[in-house]
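Undergrad: Use the sequences and the hints to build the structure in full.
There are 2 protein chains.
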Amino acid sequence: MKALAAETLMTNASALNIALIGYGTVGSGVARILATQGESLAVRAGRPINLRRVVVRDASKAREYMPAGTEVSTDINSVLNDADIQLVVQLVGGIDPAHDYMQKFLLAGKDIVTANKALLYQHGESLFQLAAKHDRTIGFEAAVAGGIPIISAVTQALTANQILSIEAILNGTSNFILTQMLDHDQTYDDVLKEAQALGYAEADPAMDVDGTDAAQKLSILTQLAFSTRVPLESIVRQGIDSLELLDLQVAAELGYKIKLLATSRLHDGRLEISVQPTLIRSDRTIAQIDGADNIVAVEGDAVGLTTFSGAGAGQLPTASAVMADIIDYAVGRTKLTFQSILRSMKQPAVPIQPQEELSRRYYLRFTVEDRAHVVADIADILGRHEISISSMRQDEPSCEATAATGTARLVIMTHQTTEGRLRAADSELTKLACIQGKSIRLPVAD
Amino acid sequence: MKALAAETLMTNASALNIALIGYGTVGSGVARILATQGESLAVRAGRPINLRRVVVRDASKAREYMPAGTEVSTDINSVLNDADIQLVVQLVGGIDPAHDYMQKFLLAGKDIVTANKALLYQHGESLFQLAAKHDRTIGFEAAVAGGIPIISAVTQALTANQILSIEAILNGTSNFILTQMLDHDQTYDDVLKEAQALGYAEADPAMDVDGTDAAQKLSILTQLAFSTRVPLESIVRQGIDSLELLDLQVAAELGYKIKLLATSRLHDGRLEISVQPTLIRSDRTIAQIDGADNIVAVEGDAVGLTTFSGAGAGQLPTASAVMADIIDYAVGRTKLTFQSILRSMKQPAVPIQPQEELSRRYYLRFTVEDRAHVVADIADILGRHEISISSMRQDEPSCEATAATGTARLVIMTHQTTEGRLRAADSELTKLACIQGKSIRLPVAD
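Chains A and G, in that order, are what the protein sequence lines are. Just so you know, the first sequence maps onto residues 0 to 445 in numbering that gives the first Met the number 0. Just so you know, the second sequence maps onto residues 0 to 445 in numbering that gives the first Met the number 0.
Derived by calculation from the structure, the hints in this document are not laboratory data. Treat the hints with care, as some may be off.
No copy is singled out in the list; a pair is fine if it fits within one copy or between any two copies.
Said to hold, decoys possible - Here are the simulated DSBU-like pairs of lysine-lysine, each with C-alpha atoms no more than 35 Å apart in a straight line:
hint	residue 1	residue 2
1	K192	K430
2	K103	K345
3	K132	K334
4	K60	K192
5	K132	K60
6	K345	K334
7	K103	K334
8	K103	K132
9	K430	K132
TA: Listed below in structure tokens is the structure:
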């Protein structure tokens with residue numbers, strides 16, 4: 000009876016046949032949503048959505064939520080050669096063979112939905128052109144910020160705005176680690192091990208903790224918002240892996256939280272762009288996003304500051320975004336949206352501001368010899384590079400380490416200055432014999 | 000040169016001709032965005048958007064941002080009879096004559112974009128049916144939460160989810176007043192007067208401060224999320240007009256902020272729905288939305304908790320949402336989305352939980368005679384209605400008022416109990432001679 004009722008609500012009974020490439024966390028999440036919400040999805044989509052084929056690496060493995068009638072294969076040709084499949088949900092990560100797959104699907108006349116952010120960062124422009132050339136579409140809501148509908152916000156809901164800035168926490172792993180360190184007085188290494196055990200961090204967490212993942216996502220958002228293609232090299236990029244618990248504690252005492260902040264901001268007609276652990280005033284919404292959550296704050300000239308937050312990763316949140324793309328496609332919206340995105344990406348790109356000209360306040364932390372004149376030596380170098388000091392303190396909340404080594408930790412907050420001046424000062428500071436080990440330099444968001 | 004470049008990016012050169020009905024705050028905001036962003040809007044829309052006609056009450060008034068070629072009239076027939084106008088942006092507020100206008104436009108073959116939430120609450124269902132019957136569409140992103148794209152989030156981005164709950168601050172005026180009272184130790188009346196002087200509150204603020212505005216918006220969101228049409232009578236509704244500064248202060252001491260919270264929540268297959276000043280733990284994101292901002296937190300079974308915040312009213316934020324609807328229309332998405340909304344609204348409605356069964360913790364504040372046995376009398380009545388007390392305190396932060404009258408203020412926090420038990424207790428409490436004036440009863444959100 001219920002199925003009948005649903006059917007009468009559909010304007011177009013022809014089913015949408017889809018294939019899933021990859022049946023890992025997100026793929027099985029998509030199948031799960033189809034299995035549990037299939038009827039209401041069909042109503043919203045106007046037609047049933049059939050999971051016709053799945054391509055996996057090992058066909059013999061039993062798989063949760065796989066519908067009974069779905070053909071499982073290890074060969075993408077099973078999908079390429081099936082003319083009944085209109086939409087391919089490409090969930091294989093990384094560049095190879097995902098890039099090759101995407102090109103083949105587009106050439107075979109298939110439309111694509113994908114969550115592969117690395118591929119879009121690396122080859123998005125040429126893939127979009129290939130899709131356009133063959134009158135095909137690519138949906139990619141799930142590629143940035145998981146379940147948060149930020150792609151549709153930037154390309155549709157806020158489309159009447161000149162975007163002025165994007166400030167975001169885009170890497171859940173980093174945010175989880177920073178939150179745990181501060182909340183449980185743990186070191187970076189200890190939390191990372193725990194996060195890996197819990198599945199919050201990859202066995203090789205490099206891309207997450209060095210800022211690459213967030214920078215790739217920021218690059219995709221920036222291209223949509225400012226028509227500017229930003230290669231990773233143009234982004235001032237810094238990971239959380241060099242942070243000590245002490246940095247988070249000192250920042251907290253000063254009224255800040257440290258977050259891996261991705262920023263893209265229009266400033267005098269140019270684009271400031273960075274991904275760095277950043278001191279953010281504790282009372283700001285963005286500072287209060289804890290754990291693995293993501294947040295994106297978009298400022299538009301008309302809408303003002305609009306903020307979107309939620310789960311930036313995970314099986315069902317990401318699958319929710321993938322399914323939204325699938326329903327968009329089933330309804331027929333995708334083509335119209337994709338054409339609009341293609342047109343707006345052709346608008347004149349906003350030029351990128353040289354890294355040296357980025358202007359912020361900075362937090363500097365040095366491990367120094369515990370002796371006289373150290374502060375004077377450092378202050379002298381900063382002064383000669385016209386970096387003006389706002390406050391200075393020597394702090395040893397965990398003084399066991401420092402007492403044993405005869406060192407002290409020196410924290411300096413600067414007034415507004417440029418990345419260029421600090422880089423120039425750095426090259427002299429590293430030569431100072433009184434500075435031990437690695438120093439830390441973080442921007443302060445106002 | 001720039002205009003030429005934009006033209007080459009358009010796939011379809013036929014302009015979209017629109018008319019504005021009403022040229023107040025939002026109407027002139029739409030004209031302003033068209034004037035300043037026209038070129039890039041044309042690229043995104045795929046065609047130029049022309050403001051062909053404007054209908055106003057007084058045609059002689061000079062108007063900002065009105066394009067030179069736009070025809071101004073006081074007669075809606077000028078729009079009804081102009082076959083070149085495809086889309087009418089209906090910005091006249093209230094029910095009459097807006098309802099009549101909407102019907103006439105639909106019958107004349109015009110599609111509609113509107114920001115009129117009261118009209119959609121009152122006649123949305125019949126207007127949607129009329130539009131469907133005549134193959135027309137209604138866009139209404141601006142009707143709820145201004146610049147925050149919550150309509151598209153619920154109907155598109157989160158469409159793969161069974162929505163589990165919506166918790167929102169939907170009335171900027173109330174939120175502004177509550178924020179000011181607490182931040183500046185001011186009474187409700189003083190802040191209201193200030194808000195009116197500043198233009199943050201209407202001359203007649205009744206609909207804002209008594210919860211009607213928020214309830215109408217919640218009703219619209221609820222219908223989209225749960226297919227349930229909720230009349231105002233079914234919503235437990237309470238305004239902020241009976242709150243005293245003391246309530247905000249006591250709540251703050253207990254670790255809560257009081258916000259006019261609109262809640263729609265699936266509970267055991269039924270819908271709990273209320274708009275009430277509510278105690279929310281201070282560390283929750285929703286408690287930290289200050290001033291005139293809005294926030295909507297949507298929980299979906301797949302996406303988890305997703306939060307959207309920003310300006311819920313104001314000229315440009317609202318115009319931003321109206322323009323998003325106009326571009327959606329120009330691109331051709333509106334029809335597909337509107338059909339999907341019509342289909343999903345026909346799904347079985349979630350039944351509404353009777354008001355008496357709403358189960359929460361409560362904050363109770365009484366003004367009582369300052370004498371012995373008062374507490375025992377009140378506790379006795381609560382106890383007999385099985386309302387269990389979690390904490391009790393007599394608080395007089397502003398004791399001038401109470402000292403003069405020989406009264407004291409008694410605050411009771413209850414354990415989980417039902418609205419029905421409290422209503423039954425209320426009828427006995429009001430008969431107690433020791434209770435003076437009006438008592439306050441607020442739910443606590445956990």
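Undergrad: For which of the previously enumerated hints does the structure constitute a violation, in increasing order of number?
TA: The structure breaks hints 5, 9; every other hint is satisfied.
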